[in-house]
Amino acid sequence: MFSSALLLLPPRSSFLQQRKIKGKVAAKIKTERRESPRSLTHRPTRSSAAMTSISQDADREKMRSVSVDLNNDSSLLIDIPDALCERDKVKFTVHTKTTLNSFQKPEFSVPRQHEDFIWLHDTLVETEEYAGLIIPPAPPKPDFEGPREKMHKLGEGESTMTKEEYAKMKQELEAEYLAVFKKTVQVHEIFLQRLSSHPVFSKDRNFQIFLEYDQDLSVRRKNAKEFFGGFFKNMVKSADEVLISGIKDVDEFFEQEKTFLLDYFSKIKDATAKAEKMTRSHKNVADDYIHISATVSNIGAEDNTALKTHLEKFSELLEKLRKVEGRVASDQELKLTELLRYYMRDIQAAKDLLYRRARALADYENSNKALDKARLKSKDIPQAEENQRQCLQKFDKLSESGKQELTSFKGRRVVAFRKNLIEMAELEIKHAKNSTALLQGCIEMLKVN
Amino acid sequence: MLIKNCEPLVRAHIEAQVSLSAQTIACDGMNAYMAYKVTTKTSLNLFNRNEFTVKRRFSDFLGLHSKLASKYLHIGYIVPPAPEKSIVGMTKVKVGKEDLSSAEFVEKRRSALERYLMRTVNHPALLKDPDVIQFLESTELPRAVSTQALSGAGILRMVNKAAEAVNKMTIKMNESDAWFEEKQQQFENLDVQLRKLHASVESLVCHRKELSVNTASFAKSAAMLGNSEDHTALSRALSQLAEVEEKIDQLHQEQAYADFYLFSELLGDYVRLITAGVFDHRMKTWSKWQDAQVMLQRKREAEAKLQYANKPDKLQQAKEEIKEWEAKVQQGERDFEQISKNIRREVGRFEKQRVKDFKVVIIKYLESLVHTQQQLIKYWEAFLPEAKAIA
Numbered sequence: 001m002f003s004s005a006l007l008l009l010p011p012r013s014s015f016l017q018q019r020k021i022k023g024k025v026a027a028k029i030k031t032e033r034r035e036s037p038r039s040l041t042h043r044p045t046r047s048s049a050a051m052t053s054i055s056q057d058a059d060r061e062k063m064r065s066v067s068v069d070l071n072n073d074s075s076l077l078i079d080i081p082d083a084l085c086e087r088d089k090v091k092f093t094v095h096t097k098t099t100l101n102s103f104q105k106p107e108f109s110v111p112r113q114h115e116d117f118i119w120l121h122d123t124l125v126e127t128e129e130y131a132g133l134i135i136p137p138a139p140p141k142p143d144f145e146g147p148r149e150k151m152h153k154l155g156e157g158e159s160t161m162t163k164e165e166y167a168k169m170k171q172e173l174e175a176e177y178l179a180v181f182k183k184t185v186q187v188h189e190i191f192l193q194r195l196s197s198h199p200v201f202s203k204d205r206n207f208q209i210f211l212e213y214d215q216d217l218s219v220r221r222k223n224a225k226e227f228f229g230g231f232f233k234n235m236v237k238s239a240d241e242v243l244i245s246g247i248k249d250v251d252e253f254f255e256q257e258k259t260f261l262l263d264y265f266s267k268i269k270d271a272t273a274k275a276e277k278m279t280r281s282h283k284n285v286a287d288d289y290i291h292i293s294a295t296v297s298n299i300g301a302e303d304n305t306a307l308k309t310h311l312e313k314f315s316e317l318l319e320k321l322r323k324v325e326g327r328v329a330s331d332q333e334l335k336l337t338e339l340l341r342y343y344m345r346d347i348q349a350a351k352d353l354l355y356r357r358a359r360a361l362a363d364y365e366n367s368n369k370a371l372d373k374a375r376l377k378s379k380d381i382p383q384a385e386e387n388q389r390q391c392l393q394k395f396d397k398l399s400e401s402g403k404q405e406l407t408s409f410k411g412r413r414v415v416a417f418r419k420n421l422i423e424m425a426e427l428e429i430k431h432a433k434n435s436t437a438l439l440q441g442c443i444e445m446l447k448v449n
Numbered sequence: 001m002l003i004k005n006c007e008p009l010v011r012a013h014i015e016a017q018v019s020l021s022a023q024t025i026a027c028d029g030m031n032a033y034m035a036y037k038v039t040t041k042t043s044l045n046l047f048n049r050n051e052f053t054v055k056r057r058f059s060d061f062l063g064l065h066s067k068l069a070s071k072y073l074h075i076g077y078i079v080p081p082a083p084e085k086s087i088v089g090m091t092k093v094k095v096g097k098e099d100l101s102s103a104e105f106v107e108k109r110r111s112a113l114e115r116y117l118m119r120t121v122n123h124p125a126l127l128k129d130p131d132v133i134q135f136l137e138s139t140e141l142p143r144a145v146s147t148q149a150l151s152g153a154g155i156l157r158m159v160n161k162a163a164e165a166v167n168k169m170t171i172k173m174n175e176s177d178a179w180f181e182e183k184q185q186q187f188e189n190l191d192v193q194l195r196k197l198h199a200s201v202e203s204l205v206c207h208r209k210e211l212s213v214n215t216a217s218f219a220k221s222a223a224m225l226g227n228s229e230d231h232t233a234l235s236r237a238l239s240q241l242a243e244v245e246e247k248i249d250q251l252h253q254e255q256a257y258a259d260f261y262l263f264s265e266l267l268g269d270y271v272r273l274i275t276a277g278v279f280d281h282r283m284k285t286w287s288k289w290q291d292a293q294v295m296l297q298r299k300r301e302a303e304a305k306l307q308y309a310n311k312p313d314k315l316q317q318a319k320e321e322i323k324e325w326e327a328k329v330q331q332g333e334r335d336f337e338q339i340s341k342n343i344r345r346e347v348g349r350f351e352k353q354r355v356k357d358f359k360v361v362i363i364k365y366l367e368s369l370v371h372t373q374q375q376l377i378k379y380w381e382a383f384l385p386e387a388k389a390i391a
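Same order as they appear, the protein sequences are chains A and B.
Residue 127 in UniProt numbering sits at position 127 of the first sequence, and the numbers go up by one each step.
Residue 156 in UniProt numbering sits at position 156 of the second sequence, and the numbers go up by one each step.
Next up, chain A with everything else stripped away, as it sits in the complex (with noise of 0.2 Å):
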């Protein structure tokens, strides 16, 4: 039964190095493989093994364009070749390719999880340096619940399938399992590389670090939380608030953004939403298929009369068919889904960056009422002075750069809609002629028969 996964993609060196970084888990590994007879199957030989990685390079192409124009600058290359997944944790390698000189080696790699990257992301948000850009937003963490409950569900209904049904619904579910654990690669790949293609935060630290850095970030990330505290963060949690509150920004450029901004979350918040129901549906029409199919083999099976080339090909078409229909839900997913969730995490950075403006305007507007009230008194006028100088100097900082990344961000939005919408519609067509040639195809041997 398949009670966990391990999926293992092979790197591009040599798969024994993999075992030997993970220990424990190579250990794991073997037991597993001996329990489950389904590993068998997944026990990859060479060939197959290479076929995974090629069709994840291909795949990893088209993911990409999520965010388009990353990884591009040799000084700095990143990737994710390989993951391991234990349960539901997953294990990324992260590979640099580096020309510069901060780093003590040209090329590395290092184990890290998700919560590793999840602190990575939180430390670029606290670092008051950084107030004034779009911080790549924080990939998701690794959701498999979704094949897990239907696996259950699966095994559940066990009794009530042929064997060759059984086979084909479980085979479907793994590739379910595996399309979900490329996904998450993937999105954890393009959160660095947004970080490596930017001038500033490809200088950061803590990047270094979380790149290099060859023991485990666990302790480090355990003191990060305690010295942060989530300041930023929980004051983000009221920011809706500060920006709806309805004051209107002087900056004719910034006041526009805030509106759009505002409106555009919550549409592509609900597309998402309608746009993943709409590929959950697809995927349950092409499982329908499989079942349809089985039994209509079964029938032609038992069948002496002129029906049972009919049932036969019939059957065998549908099964063609379900591979295509799954193939369609699971590139909509890819070109539709998958950019329309990234681009509202991505709008909701482009928030923040409109928040903690907001934060500086009203510090920078205290500090006015402050160097008013010190002249009233005339007391620490020069403070007061400098305060209101050093907020103005923030201020004016901000909202440059802002302007700046607001401007580039629509610029890249853009781009990517584009290549995803171009992209969805050329597979939609080949699949749908590819459809269409596999049904042409039968009923014209159907109507010699």
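All the given hints hold, so there is nothing to weed out.
Coverage of chain A stretches by chain B, computed from C-beta distances (three or more under 8 Å per stretch; other residues unrestricted): (1) 257 to 266; (2) 282 to 291; (3) 296 to 308; (4) 429 to 441.
If you're looking for bench data, these hints aren't it; they were derived computationally from the structure.
No experiment lies behind these values; they were computed from the predicted model shown.
Cβ atoms here follow ideal geometry from the backbone N, Cα and C, with glycine treated the same way.
Please build the complex by placing chain B on the supplied structure of chain A, with the hints as guidance.
Just chain B, lined up with the frame of chain A:
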């Protein structure tokens, strides 16, 4: 003893064609009813004209079936079962609920009745039955009363059916004919598989409808997103995407109809046809014959006993009874042979019809899928330049 089936090939083409359209008779409250216009086109001499239309109610169809079942089931004809009643569905229509589900219900029933009639007139013996001819031709038809769902007659029928089921279990037949044994097994297997398939297709229909609804919902959301988007070209593309998805949701809806009316309903019909229980009647006929033989034996024994007693009247009576039961035994044997012969012919016809029906439906269904895919290609190819136009 093998009985060879030397009946001539059953004609494959349809001698009479019927079509139905539905029409509500608007009365208020629960007295309102649905009338169906039954149009028949035929070249047969059995009928007075070549084309004619009559109005019939649902209960009329049930009445027709009831008559045919009582006449032909027990001699081994596969009489097409009438569509099932649905109290809930019909109530909604009667009460004038104008929503989508009641319109769907009416269409579902109309289609089911049409298929029922077509199957009935496709049966060469049933087509010539005077009840059928009257049903198709007569302007006025005496109302079938005992078909009301909760009527006394209805309940009595249910009780009888239950009793029959029990009887079936207690009859153990000596099957000397391998053909029957094989066929019965085949039918049982087919019944199981068809039910399973029917369930899977119903699930497909349900999921496809869901897909349609979710696509429509996404289309609206995408339109809102497009309105909110401040980049002009992207905004336009998103609105176009919304339009495409709206068309696609219609497509899914239509495909769900095809899934249902072509595929699912056919399977449902065949499940009901197979469950009609032709083999059970043969068993009952056999049982009756056996009982008559047992009775004859008893009468003979009784007569033998009376030979030694001095009761000439009783002896005479016993001899008469023996004659009576000998005749019954002969009749029983004849009935059994007749029903066996009929069933062989019927099963042959049924199988031919099944092959034809399924072949036709599979191709029609595949063609519906092709149509959907071709439309998808059209819609997405129209959208592609819009996406490319984003600058």
